[in-house]
Each structure stands twice: as C-alpha cells, then as structure tokens.
Amino acid sequence: MKIIVNILATVVLILGIAFTILPMDTLAFLPIGITFLLAAISYFVISPKKQKWEKFILIISLILILIVTFKALFIKDEVAVDKEFQQKQTEAEKQDIQDLEELEDL
Numbered sequence: 171m172k173i174i175v176n177i178l179a180t181v182v183l184i185l186g187i188a189f190t191i192l193p194m195d196t197l198a199f200l201p202i203g204i205t206f207l208l209a210a211i212s213y214f215v216i217s218p219k220k221q222k223w224e225k226f227i228l229i230i231s232l233i234l235i236l237i238v239t240f241k242a243l244f245i246k247d248e249v250a251v252d253k254e255f256q257q258k259q260t261e262a263e264k265q266d267i268q269d270l271e272e273l274e275d276l
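Residue numbers (our numbering): 171 to 276.
It is possible that some hints are incorrect.
[Said to hold, decoys possible] Distance condition first, Cα-Cα at most 20 Å in a straight line; then the derived DMTMM-like pairs of lysine to aspartate or glutamate:
no.	residue 1	residue 2
1	264	247
2	241	195
3	246	195
4	264	248
[Unchecked claim] Here are the simulated distance ranges between beta carbons:
no.	residue 1	residue 2	range
5	218	244	33 to 43 Å
6	221	242	49 to 59 Å
7	253	233	39 to 49 Å
To be clear, the hints were calculated from the coordinates, so they are not data collected in a lab. The beta-carbon is built from N, C-alpha and C at its ideal position, and this holds for glycine as well.
Please work from the sequences and hints to get the whole structure.
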C-alpha cells in the first residue's frame, strides 16, 4: 500500500511540476494538492517510521503550492497591443479598397 501511494504521489508530483512550469495558472493546484494529500497519507498514516522520500515529496509539493500561489497573485498575464500590425492592416485595407475602386472604373 505504501509503495503504491508513493508511486502515485511521485507521478502526480511530476505532473504538478509540469503544470507549474507551463502557463496553466491555477490548474496546477489540482495535481499538487493530490500529491500533497498522498504524501501526507503516506507520511502520517501508512508509514510507522518516517522516511526521507515522503518528507521530500511533502516539501516539494509545499514549495510548488507557494510558487503557483505567487504566480497567480503577482504575475499578471497581459496581451500587448501590436500597433504596427494594426497600422499595416488598415493600410492594407485602404489599398484593397483603392484596388477595388480601380477595378470598378475599368
């Protein structure tokens, strides 16, 4: 039972690390929370003697929770307006309208 819980916690921890690195915003809380619960169950309930691996997974999951919380609270996702692209687009539209008017005159 302990081995299965540790393997599941490790797999979900890797998924949580990937979600933390990728711009998934608060979706990363799900695998990290599952990892924390599995590691806590393994550390406090299943294992009579405390081992380093369970403690390591607990610490890493807490660090990931702090990182995701920091990213969600302090880093804002903003989309910058590309003025050059908009200007080129309006110029292209004007040129297209002129071309159509020239074709109508023929």
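Hints versus structure:
1. 264 <-> 247: Violated, because 33 Å separates the two Cα atoms, which is more than 20 Å.
2. 241 <-> 195: Judged against 20 Å, a Cα distance of about 7 Å means the pair holds.
3. 246 <-> 195: Cα-Cα ~10 Å, so holds.
4. 264 <-> 248: Since the Cα atoms of residue 264 and residue 248 sit roughly 30 Å apart, the hinted pair is violated (cutoff 20 Å).
5. 218 <-> 244: 33 to 43 Å: holds, 41 Å
6. 221 <-> 242: 49 to 59 Å: violated, 32 Å
7. 253 <-> 233: 39 to 49 Å: holds, 40 Å
When the structure is compared with the earlier hints, violations turn up for hints 1, 4 and 6 and for no others.
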